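A.B. asks: Spelled out, the chains give:
Number of protein chains: 10
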Amino acid sequence: MLFYVEMKVKLPPEMDPDKAAQIKADEKAMFQKLQKEGIWRHIWRVAGQYANVSIFDVQSPQQLNDLLMQLPLFPYMTLDVRALCRHPSSIWDDDR
Amino acid sequence: MLFYVEMKVKLPPEMDPDKAAQIKADEKAMFQKLQKEGIWRHIWRVAGQYANVSIFDVQSPQQLNDLLMQLPLFPYMTLDVRALCRHPSSIWDDDR
Amino acid sequence: MLFYVEMKVKLPPEMDPDKAAQIKADEKAMFQKLQKEGIWRHIWRVAGQYANVSIFDVQSPQQLNDLLMQLPLFPYMTLDVRALCRHPSSIWDDDR
Amino acid sequence: MLFYVEMKVKLPPEMDPDKAAQIKADEKAMFQKLQKEGIWRHIWRVAGQYANVSIFDVQSPQQLNDLLMQLPLFPYMTLDVRALCRHPSSIWDDDR
Amino acid sequence: MLFYVEMKVKLPPEMDPDKAAQIKADEKAMFQKLQKEGIWRHIWRVAGQYANVSIFDVQSPQQLNDLLMQLPLFPYMTLDVRALCRHPSSIWDDDR
Amino acid sequence: MLFYVEMKVKLPPEMDPDKAAQIKADEKAMFQKLQKEGIWRHIWRVAGQYANVSIFDVQSPQQLNDLLMQLPLFPYMTLDVRALCRHPSSIWDDDR
Amino acid sequence: MLFYVEMKVKLPPEMDPDKAAQIKADEKAMFQKLQKEGIWRHIWRVAGQYANVSIFDVQSPQQLNDLLMQLPLFPYMTLDVRALCRHPSSIWDDDR
Amino acid sequence: MLFYVEMKVKLPPEMDPDKAAQIKADEKAMFQKLQKEGIWRHIWRVAGQYANVSIFDVQSPQQLNDLLMQLPLFPYMTLDVRALCRHPSSIWDDDR
Amino acid sequence: MLFYVEMKVKLPPEMDPDKAAQIKADEKAMFQKLQKEGIWRHIWRVAGQYANVSIFDVQSPQQLNDLLMQLPLFPYMTLDVRALCRHPSSIWDDDR
Amino acid sequence: MLFYVEMKVKLPPEMDPDKAAQIKADEKAMFQKLQKEGIWRHIWRVAGQYANVSIFDVQSPQQLNDLLMQLPLFPYMTLDVRALCRHPSSIWDDDR
Numbered sequence: 010m011l012f013y014v015e016m017k018v019k020l021p022p023e024m025d026p027d028k029a030a031q032i033k034a035d036e037k038a039m040f041q042k043l044q045k046e047g048i049w050r051h052i053w054r055v056a057g058q059y060a061n062v063s064i065f066d067v068q069s070p071q072q073l074n075d076l077l078m079q080l081p082l083f084p085y086m087t088l089d090v091r092a093l094c095r096h097p098s099s100i101w102d103d104d105r
Numbered sequence: 010m011l012f013y014v015e016m017k018v019k020l021p022p023e024m025d026p027d028k029a030a031q032i033k034a035d036e037k038a039m040f041q042k043l044q045k046e047g048i049w050r051h052i053w054r055v056a057g058q059y060a061n062v063s064i065f066d067v068q069s070p071q072q073l074n075d076l077l078m079q080l081p082l083f084p085y086m087t088l089d090v091r092a093l094c095r096h097p098s099s100i101w102d103d104d105r
Numbered sequence: 010m011l012f013y014v015e016m017k018v019k020l021p022p023e024m025d026p027d028k029a030a031q032i033k034a035d036e037k038a039m040f041q042k043l044q045k046e047g048i049w050r051h052i053w054r055v056a057g058q059y060a061n062v063s064i065f066d067v068q069s070p071q072q073l074n075d076l077l078m079q080l081p082l083f084p085y086m087t088l089d090v091r092a093l094c095r096h097p098s099s100i101w102d103d104d105r
Numbered sequence: 010m011l012f013y014v015e016m017k018v019k020l021p022p023e024m025d026p027d028k029a030a031q032i033k034a035d036e037k038a039m040f041q042k043l044q045k046e047g048i049w050r051h052i053w054r055v056a057g058q059y060a061n062v063s064i065f066d067v068q069s070p071q072q073l074n075d076l077l078m079q080l081p082l083f084p085y086m087t088l089d090v091r092a093l094c095r096h097p098s099s100i101w102d103d104d105r
Numbered sequence: 010m011l012f013y014v015e016m017k018v019k020l021p022p023e024m025d026p027d028k029a030a031q032i033k034a035d036e037k038a039m040f041q042k043l044q045k046e047g048i049w050r051h052i053w054r055v056a057g058q059y060a061n062v063s064i065f066d067v068q069s070p071q072q073l074n075d076l077l078m079q080l081p082l083f084p085y086m087t088l089d090v091r092a093l094c095r096h097p098s099s100i101w102d103d104d105r
Numbered sequence: 010m011l012f013y014v015e016m017k018v019k020l021p022p023e024m025d026p027d028k029a030a031q032i033k034a035d036e037k038a039m040f041q042k043l044q045k046e047g048i049w050r051h052i053w054r055v056a057g058q059y060a061n062v063s064i065f066d067v068q069s070p071q072q073l074n075d076l077l078m079q080l081p082l083f084p085y086m087t088l089d090v091r092a093l094c095r096h097p098s099s100i101w102d103d104d105r
Numbered sequence: 010m011l012f013y014v015e016m017k018v019k020l021p022p023e024m025d026p027d028k029a030a031q032i033k034a035d036e037k038a039m040f041q042k043l044q045k046e047g048i049w050r051h052i053w054r055v056a057g058q059y060a061n062v063s064i065f066d067v068q069s070p071q072q073l074n075d076l077l078m079q080l081p082l083f084p085y086m087t088l089d090v091r092a093l094c095r096h097p098s099s100i101w102d103d104d105r
Numbered sequence: 010m011l012f013y014v015e016m017k018v019k020l021p022p023e024m025d026p027d028k029a030a031q032i033k034a035d036e037k038a039m040f041q042k043l044q045k046e047g048i049w050r051h052i053w054r055v056a057g058q059y060a061n062v063s064i065f066d067v068q069s070p071q072q073l074n075d076l077l078m079q080l081p082l083f084p085y086m087t088l089d090v091r092a093l094c095r096h097p098s099s100i101w102d103d104d105r
Numbered sequence: 010m011l012f013y014v015e016m017k018v019k020l021p022p023e024m025d026p027d028k029a030a031q032i033k034a035d036e037k038a039m040f041q042k043l044q045k046e047g048i049w050r051h052i053w054r055v056a057g058q059y060a061n062v063s064i065f066d067v068q069s070p071q072q073l074n075d076l077l078m079q080l081p082l083f084p085y086m087t088l089d090v091r092a093l094c095r096h097p098s099s100i101w102d103d104d105r
Numbered sequence: 010m011l012f013y014v015e016m017k018v019k020l021p022p023e024m025d026p027d028k029a030a031q032i033k034a035d036e037k038a039m040f041q042k043l044q045k046e047g048i049w050r051h052i053w054r055v056a057g058q059y060a061n062v063s064i065f066d067v068q069s070p071q072q073l074n075d076l077l078m079q080l081p082l083f084p085y086m087t088l089d090v091r092a093l094c095r096h097p098s099s100i101w102d103d104d105r
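Protein chains in written order, with the numbering used here: chain A, 10 to 105; chain B, 10 to 105; chain C, 10 to 105; chain D, 10 to 105; chain E, 10 to 105; chain F, 10 to 105; chain G, 10 to 105; chain H, 10 to 105; chain I, 10 to 105; chain J, 10 to 105.
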């Protein structure tokens, strides 16, 4: 099932650069693993914001929760989560 | 280029049912035409809301504007529009 | 899977009383059917508000969406929907 | 009587991990004690948020207040509290 | 137990004056009955607003809910309801 | 004249416990002095919040201002202040 | 004593022009009477908004309330009211 | 001097089409007159919204106010107005 | 020309008292200089808030901007700025 | 294509003055380079706020994003970004 997730990231400007780089590298590795598995189905950067719009394809809200809370950037994020379903006018099934 | 558009629809409950049905049918036809052309690339219903999350693939903000303002449901919508771009961590180009 | 749904109802005060009574009766019948089926698992009135806090147990976001949008009071409601999952500290499974 | 309580937790990311673990352990112990006593009647994690939706069954607003303010995570929480009552359409008494 | 209730009233300016006068008279009668019974313990007009701040002394959230929803002005009100309890610094018991 | 004041307190969790205890003790002493003088006429704890709802009886907005800004907890408070007056439906004068 | 009052006016565009003109004329007459009496001490139009910023000099919150609620435009206004007092840095007494 | 003005327009969907067309034609004529005079210096449509971002070059806030309140669409607009000045980093004077 | 400015001040409670006293003294000196020059035409304390409502009489938005940004408390303020003009109903010119 | 960008800057008051001066100097240099290239087409200071209203002329949302995120003040900014297009009533093409 699909979930819309918007993530806004706010890293404290005074964070140690090495620590920030490590968190971002860990985040990227975890993201790319989930992207390859088809779970993090889409991600777009919101232009001009340290934020993204994502679509997750998960087995359950439980799985979504466990994934999001393990993201290295989670403690620095504000999240907006909404369950999605197929739009009745859609001619294709891809967006179910 | 891609745009995120969230559409919330509020039809007055006392609207004439025939008029409402006609507007919805016109909207659906226009949506499916744009969907087939690859312009309205994604649409999802937000579960439990008369609302959708959409991704548009257009040539310019001008084209996006002209499309949205011609939607039959436009006078009844509240829209949230954001320009998107490729996320730097993404391994694929589909979401550019 | 479980969803939290808060429903705020706003009926226009000038609505024809018979029509309002009919909508409320239809709503009640649909609610009680879903309550007996175990789908509308909990409902509480928020004290002093024409509003309720509900817990739904559904097969999918799609089912939740279809149920909510068919409620007779849906055109008069503002809804807040959130997917739930088991709390890691809980000692029982009932709230999964 | 029943109260709806939503708790959003915001632990400072730079908190000492041992201190954070101790607070969470204390919170869990207190929660499970109240859960067994039937006071903290329900708890659900909001999927993808460090937040929960809870239902308390207490003798008075005073008891609710005293319980909530003693929670180890209270200084890090934003709380939304609403008194509940029986929904007039409900066929059962469990949710009174 | 005590509840804080703030009531903001918005009567449509085009309402029939006789109907408005009747609703206000019914509201006043019901208010004064509850005031004499000690249930509507305090009421103050917020200066310059069609709004009041009230303190109710009721047996339960259920009683509060049933009283508020029967107020003749209820369909025209926006309500803010909060359970109160004794302040730990208070030297008297009147505000329990 | 009467004023409604809502005070929300936010002490930094990492504050030195002795300093916090001293501020609270000073606050309590000042509150009880004003309570005995009939100036701080009512105070209620909002159940489950580090907040209170208060009614002040003062000679002027100037006096109210000078009292509030000298409260030991003032630097940690968010205040909502509203002038009150007698409600036209009230049968008694106590709430003038 | 002084009060800051911001008034935002929203007349329905479809209002009968004669009725609108009458209300505005009544409002202007009442305003000028209060202005001459020194009660409506200041008024400024907020540039580009159907709104004003006003300073009232009244005997009590009660008087302010009674004046504001009798304004012909009151049913079409949203009001923001705040009690004022002398600023401690001010060298003059005019703004007491 | 320059002012930023954002105008959001909300025409009631049920407005008589001839009346709507007349208002829009009057608005366009007035806009183009002011554009030629250099007063309405810039206008941009916000893509996908019935809204614009404008820059006015006027002699005074008074002139701005009188212009905006005479716009045929003014009763249907929500306006956001901000005075502008030269940015200290700017290398040119055009944006003074 | 006149501007309405509301200033809300938030000094960190842990600020060094000497530094806070110095900033406030500098602010007061600058304020009184501008008050005597007729530029800071009015100032009122909002009762019970560390905030004021002020009216500035300046030559241009540029002058207003330069004055405000040089205030010693500027880094600790949240400002709300609105251009004012003469109200069409006013019988005097003082509030132009 | 054009984008409206509003930038609100919040530098921590306790920042080291040399560091703050360096960031501002870097920001100014980057701004002036983009201004000369015609990319940062307009900038205005919002009078009395540490904020600006800007118009960017870029090749794509991607370019806008990359420019904004490299601004030295980006970590201290809150940004509001909106795609613009030509207003249908405009008689000139400059604002396309």
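In case anyone wonders, no lab produced these hints; they're calculated from the structure.
Computed from a prediction, not measured in an experiment: that's the story for all the values here.
Incorrect hints may have been included.
List time: in silico DSS-like cross-link candidates among lysine-lysine, alpha-carbon distance up to 27 Å [stated by the list, open to error]: (1) J:Lys-45 - A:Lys-17; (2) C:Lys-19 - H:Lys-17; (3) F:Lys-45 - F:Lys-17; (4) I:Lys-33 - I:Lys-17.
A.B. asks: Confirm or reject each hint.
C.D. replies: Hints, one by one, checked against the model:
1. J:Lys-45 - A:Lys-17: 32 Å, violated
2. C:Lys-19 - H:Lys-17: At roughly 26 Å apart (the allowed maximum being 27 Å), Lys-17 of chain H and Lys-19 of chain C satisfy the hint.
3. F:Lys-45 - F:Lys-17: Since the Cα atoms of Lys-45 of chain F and Lys-17 of chain F sit roughly 23 Å apart, the hinted pair holds (cutoff 27 Å).
4. I:Lys-33 - I:Lys-17: Roughly 14 Å between the alpha carbons, so the hint for Lys-33 of chain I and Lys-17 of chain I holds.
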